[in-house]
Amino acid sequence: MCGIAGLIHRGKSSNVGSELQGMLQALKHRGEDSTGYALYGDTDGKNFIMRFKVGENVGEGSSSVMEDASVYDERKKIVDQTLAEMGAKVVKEERTLPYSLRYEIDYDTKDLLDFSQRIESIPGVEILSMGKSLEVIKDLGNAKMVCDRYSLDKVVGTHAIGHARMATESGVDIKSAHPFWGYPFSDVSVVHNGQLTNYWNNRRVLENKGMRFMSECDSELIAVYIAEKMRHGATLEEGMKESLTGLDGVFTYFVATKDSLGMAKDTMAAKPLVLYESDDLVAMGSEEIAIRSVLPQEIDTYDPFDGEVKVWQI
Amino acid sequence: MANLKTVSKKSKAQSMGMHTEVLTGRTQQKFFNPDEAENFYYFGTYDVDFNKRTELDVKDMTAPEANKEIDNLMSQGYGTIVIKNPQGKHSLGVGILNKLNLIFEGSLGYFGMGSCDGPIVRINGRVGWSCAENLMAGKVVIEKNAGSCFGAAIRGGDLICKGSVGARTGIDMKGGTIIIGGDAGAFTGFMMQRGRIIILGDVGINLGDSMYDGTIFVGGEIGSYGSDAVDSELTQSDQDWLKRKLKVAEIGENFDVSKMKKIVAGKKLWNYDNLEPTEKKGAI
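The listed protein sequences correspond, in order, to chains H and S. If you use this note's numbering, the first sequence corresponds to residues 1 to 314, in order. If you use this note's numbering, the second sequence corresponds to residues 1 to 284, in order.
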């Protein structure tokens, strides 16, 4: 059991960091092994924002090992060197935790595949997100703990998705935590509640097509699956609709891009989702109490039906 | 009804719609004897007065605190309780084995009104998954929409949703009636064993999948039939019952019931009629 939540403000910005924190904290009973945020903040759109890690925060059942913090500095140096070699200029640098970094990068490219492959060829380095607006922040603990650790409560933006995780299919660590970046697409992120039963078959096919997997978490498949569809010209909505038959198992998932937010529910409707929709706000979560944290007044909500896909624009 | 004082034990029980046969289970030798009816009571039930009314604001209460307070109010004789600010909390109003007029001014989360026997409930909002699961008697009316597993395993009573419901409505139900004013999702009536479901709107795929028994009436379109769910003739008796039920439910009173579809079990997977009475009880 995991909990997912998301919201999109249409035609305006809001304090999405604080709002999503409230929604995810309301779902903490669904899992607090790790919590992740995908925040689409207000930016000038000139630079890429790269969130990446140079080490793991290791919890129960993880295949990773806790390393000495000194290796993080070595890896960071190699990242800096590689960026310089590619002509990417680091405009702003933040190091929230020894293993977690945020770079604003002046880099002119539309193809992030080569860029990401070079950065991630450095052992121990993983890009959590890359985009002009998207920032993925994920770590062990419940929503409030992660929000406080990374000071997310003041982030202003248009939309956000998040995930409160109870680890079942893989260990407790950051690499298995949601949201997953839709590598190598700028500003694409995914959160998922459920289990995918044809994970390995799909993974083998997608890896043969050159797609990359960083974890053994079945949910990562959704991000890669959608990304691969978009790579071949499908729209977000088309890719999501194809996933209803291409992915086997039970799932409810959200996908967000720079200017949109979408949801999909499997054909058996086995995983919960409650949705509120108005002209200026869409809020959804695994349980109504998540929505109540941002809309305490009496509102009309509903459960989307089986096999339903919906996409909203900002 | 027959005069219970002058008829035999067996006739007495049958007049009340009950049974006297001895069961052969290891823990329970006797099922019911109307001569001992006064010995049958629910622990923790109260005499309440419907005209004695109060309000309870649960905004800052947990679900167990709110449920304990409802119990406390019933013990003081309150027969009408209005719950303010439920705000989507889970498990509110569960385990009420009492006659009670309960009104929620707002929406409930998961498992609302579970395992109840007797109360009349009106929810002026929406309910989450598994509303009124295991309802044994009483009436629960939801003014807006409901989540999945609506009325799972109910054994009796009327469960009414004026809006639309999610998937697996009436899953494993063993009696009672579920009435939906809007649409219903996939697997409605999945493995239902007794009782009736009425859906005025459309219904999703796999309707009545693997149903043992019971009846489903649908007013709109059907996504697909589940395994062993088959059409049956809608009789005049069915139509009369539907009209009565919709009127009592304050829903679709003017709905043209003559065009509804009636779905029953094909009895190729399960057939209760082939079971001995004691086996049937064991199965249910």
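Take the hints with a grain of salt, since some may be wrong.
What the hints assert, rightly or not - Derived DMTMM-like pairs: lysine to aspartate or glutamate, alpha-carbon spacing no greater than 20 Å straight-line:
| no. | chain 1 | residue 1 | chain 2 | residue 2 |
| --- | --- | --- | --- | --- |
| 1 | S | K59 | H | E93 |
| 2 | S | K144 | H | E298 |
| 3 | S | K162 | H | D111 |
| 4 | S | K144 | H | E120 |
| 5 | S | K84 | H | E298 |
| 6 | H | K258 | H | D111 |
| 7 | S | K243 | S | D228 |
| 8 | H | K132 | H | D114 |
| 9 | S | K144 | H | E93 |
| 10 | S | K99 | S | D183 |
| 11 | H | K209 | H | D111 |
| 12 | S | K59 | H | E277 |
| 13 | H | K77 | H | E93 |
| 14 | S | K84 | H | E277 |
| 15 | H | K28 | S | E69 |
| 16 | S | K162 | H | D114 |
| 17 | S | K261 | S | E221 |
| 18 | H | K310 | S | D183 |
Unchecked claim - These stretches of chain S come out as covered by chain H in the derived footprint (C-beta under 8 Å, 3 or more residues):
| no. | segment |
| --- | --- |
| 19 | 45–55 |
| 20 | 133–142 |
What the hints assert, rightly or not - A partial selection of chain S residues facing chain H, derived with a Cβ cut-off under 7 Å:
| no. | residue |
| --- | --- |
| 21 | Q87 |
| 22 | G88 |
| 23 | N145 |
| 24 | G147 |
| 25 | G166 |
| 26 | G182 |
| 27 | G201 |
| 28 | G219 |
| 29 | G220 |
If you are wondering where the hints come from, they were derived from the structure by calculation, not from laboratory data. Using N, Cα and C, we set each Cβ at its ideal position, and we do this for glycine too.
Results for each hint:
Taking the CA atoms of K59 of chain S and E93 of chain H, the gap is about 44 Å. The hint is violated against a cut of 20 Å. Note on K144 of chain S and E298 of chain H: the hinted pairing holds, with a Cα-Cα distance of about 11 Å set against a maximum of 20 Å. Taken as a hint, the K162 of chain S and D111 of chain H pair is broken in the structure, with Cα atoms around 52 Å apart against an allowance of 20 Å. Straight-line distance between C-alpha atoms of K144 of chain S and E120 of chain H comes to about 50 Å, which puts the hinted pair past the 20 Å bound.
With a C-alpha separation of about 11 Å, the suggested pair K84 of chain S and E298 of chain H falls inside the 20 Å cut-off, and the hint holds. As the CA atoms of K258 of chain H and D111 of chain H are separated by approximately 16 Å, the hinted pair is consistent with the 20 Å bound. The suggested pairing of K243 of chain S with D228 of chain S is violated, with an alpha-carbon distance near 27 Å, which exceeds 20 Å. Restraint check: the Cα-Cα separation between K132 of chain H and D114 of chain H comes to about 17 Å, which is no more than 20 Å; the hinted pair holds.
Between K144 of chain S and E93 of chain H the CA atoms are separated by roughly 50 Å; this puts the pair beyond 20 Å, and the hint is violated. A C-alpha spacing of about 30 Å is found between K99 of chain S and D183 of chain S, which places the hinted pair above 20 Å, so the restraint is violated. Straight-line distance between C-alpha atoms of K209 of chain H and D111 of chain H comes to about 17 Å, which keeps the hinted pair within the 20 Å bound. Pair hint K59 of chain S plus E277 of chain H does not hold up; C-alpha atoms about 24 Å apart against a cutoff of 20 Å.
Annotation: proposed proximity of K77 of chain H to E93 of chain H holds, straight-line Cα distance about 13 Å (limit 20 Å). The suggested pairing of K84 of chain S with E277 of chain H is violated, with an alpha-carbon distance near 24 Å, which exceeds 20 Å. Only pairs whose Cα atoms come within 20 Å are accepted, and K28 of chain H paired with E69 of chain S is rejected, the gap being roughly 26 Å. Annotation: proposed proximity of K162 of chain S to D114 of chain H is violated, straight-line Cα distance about 55 Å (limit 20 Å).
Between K261 of chain S and E221 of chain S, the direct Cα distance comes to roughly 9 Å. Compliance with the 20 Å bound is thereby established for this hinted pair. Annotation: proposed proximity of K310 of chain H to D183 of chain S holds, straight-line Cα distance about 18 Å (limit 20 Å). With a cut-off of 8 Å between beta carbons, the segment 45–55 of chain S has 0 residues touching chain H; three or more are needed, and the interface restraint is violated. Counting residues of the segment 133–142 of chain S whose beta carbon lies closer than 8 Å to any beta carbon of chain H gives 0, which falls below the threshold of three, so the coverage claim is violated.
For Q87 of chain S, the suggested interface contact is upheld, since its CB lies about 5 Å from the closest CB of chain H, less than 7 Å. Restraint check, G88 of chain S versus chain H: the minimum CB separation of about 4 Å is within 7 Å; hint holds. Hint on N145 of chain S holds. Least Cβ distance to chain H is approximately 5 Å, under the 7 Å limit. Using the Cβ-Cβ criterion of 7 Å, the hint placing G147 of chain S at the interface with chain H is satisfied: the shortest such distance is roughly 5 Å.
This hint holds: G166 of chain S has a C-beta 4 Å from the nearest C-beta of chain H, less than the 7 Å allowed. With a least beta-carbon distance of about 9 Å to chain H, the hint placing G182 of chain S at the interface is violated under the 7 Å criterion. Interface restraint check: G201 of chain S against chain H, minimum CB-CB distance 12 Å, threshold 7 Å, status violated. At a threshold of 7 Å, the smallest CB-CB gap from G219 of chain S to chain H is about 17 Å, leaving the interface hint violated.
A distance limit of 7 Å between C-beta atoms decides the matter here; for G220 of chain S the minimum to chain H is near 13 Å, and the interface restraint is violated.
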